[in-house]
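K.L.:
Single-letter residue listing:
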Amino acid sequence: MEPFSQNEPIYRQIMDRLCRAVVRGNLVPGERLPSVREMAVEFGVNPNTISRVYQELERLGVTETRRGQGCFLTDAERIATLRRELSRRAIDRLLTEMAAMGFSREEILRSVSDHLFGGDNP
Amino acid sequence: MTAGSVTFDHVTKAFGATRAVHDVSITFPSHKIIGLIGPNGGGKSTSLKLMAGLMHPSAGSVRVDGLEARRGLCATVAFAPDAGAGYSFFTVAEMIGYYHSVFADFDPKRAEELRSFMDLPAAVRTGALSKGNQARLKIALTLARAAPLILMDEPLSGLDPLVRASIVRGLISFVDLDRQTVVISTHEVGEVEPLLDVVALMDRGRILAMEEVQGIQESGAGGLVGWMRRILVR
Numbered sequence: 001m002e003p004f005s006q007n008e009p010i011y012r013q014i015m016d017r018l019c020r021a022v023v024r025g026n027l028v029p030g031e032r033l034p035s036v037r038e039m040a041v042e043f044g045v046n047p048n049t050i051s052r053v054y055q056e057l058e059r060l061g062v063t064e065t066r067r068g069q070g071c072f073l074t075d076a077e078r079i080a081t082l083r084r085e086l087s088r089r090a091i092d093r094l095l096t097e098m099a100a101m102g103f104s105r106e107e108i109l110r111s112v113s114d115h116l117f118g119g120d121n122p
Numbered sequence: 001m002t003a004g005s006v007t008f009d010h011v012t013k014a015f016g017a018t019r020a021v022h023d024v025s026i027t028f029p030s031h032k033i034i035g036l037i038g039p040n041g042g043g044k045s046t047s048l049k050l051m052a053g054l055m056h057p058s059a060g061s062v063r064v065d066g067l068e069a070r071r072g073l074c075a076t077v078a079f080a081p082d083a084g085a086g087y088s089f090f091t092v093a094e095m096i097g098y099y100h101s102v103f104a105d106f107d108p109k110r111a112e113e114l115r116s117f118m119d120l121p122a123a124v125r126t127g128a129l130s131k132g133n134q135a136r137l138k139i140a141l142t143l144a145r146a147a148p149l150i151l152m153d154e155p156l157s158g159l160d161p162l163v164r165a166s167i168v169r170g171l172i173s174f175v176d177l178d179r180q181t182v183v184i185s186t187h188e189v190g191e192v193e194p195l196l197d198v199v200a201l202m203d204r205g206r207i208l209a210m211e212e213v214q215g216i217q218e219s220g221a222g223g224l225v226g227w228m229r230r231i232l233v234r
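Chains as they are written, first to last, in this note's numbering: chain U, 1 to 122; chain P, 1 to 234.
Just chain U, with the same shape it has in the complex (with noise of 0.2 Å):
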């Protein structure tokens, strides 16, 4: 498993590995999460750490906690918002990056649509 970085709380590192992991379809909606102390044997992180995590993506409403049954990932039409969410956010940085090296919006699209697709490199 790849480490944690130590400028982030391994918290929020969990919760971007699992959103990600639900995104990709690893996860599917419906899908009941491991237990916590499962997740956190799995993660090799302290249980508080993971209930933390379990308690952020059901205020997220990724989750949902149904009781004495465990951790459940939420429905599909939530997971398409999520999906949105980690893309813009995705292009957040990016656009960032590029804006602080002096790129302007033309530039950012053309470079980004000539990697895509292939075309002359600026």
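Some hints here could point you the wrong way.
Distance windows between CB atoms, simulated [to be verified]:
1. P:Ala128 to U:Thr81: 41 to 47 Å
2. P:Leu232 to U:Ser111: 23 to 29 Å
3. U:Glu85 to P:Tyr98: 43 to 49 Å
4. U:Glu56 to P:Glu113: 28 to 34 Å
5. U:Thr96 to P:Asp119: 47 to 53 Å
6. P:Asp119 to U:Ala100: 35 to 41 Å
Everything labelled a hint here was simulated from the structure, so no lab data went into it.
Don't be surprised by glycine CBs; every beta carbon is placed ideally from N, CA and C.
Based on these hints, arrange chain P on the given structure of chain U.
P.N.:
Just chain P, lined up with the frame of chain U:
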């Protein structure tokens, strides 16, 4: 409900002219895994022994869930010492039986689960176990107790990566943070970072800082190692 909260009130522990613990006042939170970190010789081991009631403060008082830490406290504190535990002529199974007879909160079923989790041979004398397996046994015996406070003195020190990983996994798999609190002393800071809720930095007999690990990571201090360095050099 007792849960293993530890309070030091102006605690000093002197050995001759040396103060291993110097006027420490602090309350460690319960239901957490707490790392007591810092350079060797800073007073970590002495602090754990004070919590376990195995040493008495020269001044001040140490309380566990409000009770003075004395030798009789071993009913509520499970202590895994730095040095080896138990009798070398006992087999692993006999050691488990021995712990069962000594500690009322020792759960033999859990001990058996831990023994198999740690891959320890039941019929082998503990003295004949490898260093790594002796370390695993010590942790298994400690975690088989339902004591509210679990203390581990340098549980990873001097062990190879596989053994360290199995000890970390054992702790995560078996500790019950709804009922227990864990204090781990260690100088292997990077390795325990994902395990810890709270960290206390100790140097030259004093606790220099105590913080939530999450907050340290958020502050961009470069994780625990960066945080520790920054405090120690200032």
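K.L.:
None of the hints should be skipped; say for each whether it holds.
P.N.:
Going through the hints against the structure:
{"no.": "1", "hint": "P:Ala128 to U:Thr81: 41 to 47 Å", "result": "violated (60 Å)"}
{"no.": "2", "hint": "P:Leu232 to U:Ser111: 23 to 29 Å", "result": "violated (46 Å)"}
{"no.": "3", "hint": "U:Glu85 to P:Tyr98: 43 to 49 Å", "result": "violated (56 Å)"}
{"no.": "4", "hint": "U:Glu56 to P:Glu113: 28 to 34 Å", "result": "holds (31 Å)"}
{"no.": "5", "hint": "U:Thr96 to P:Asp119: 47 to 53 Å", "result": "holds (49 Å)"}
{"no.": "6", "hint": "P:Asp119 to U:Ala100: 35 to 41 Å", "result": "violated (52 Å)"}
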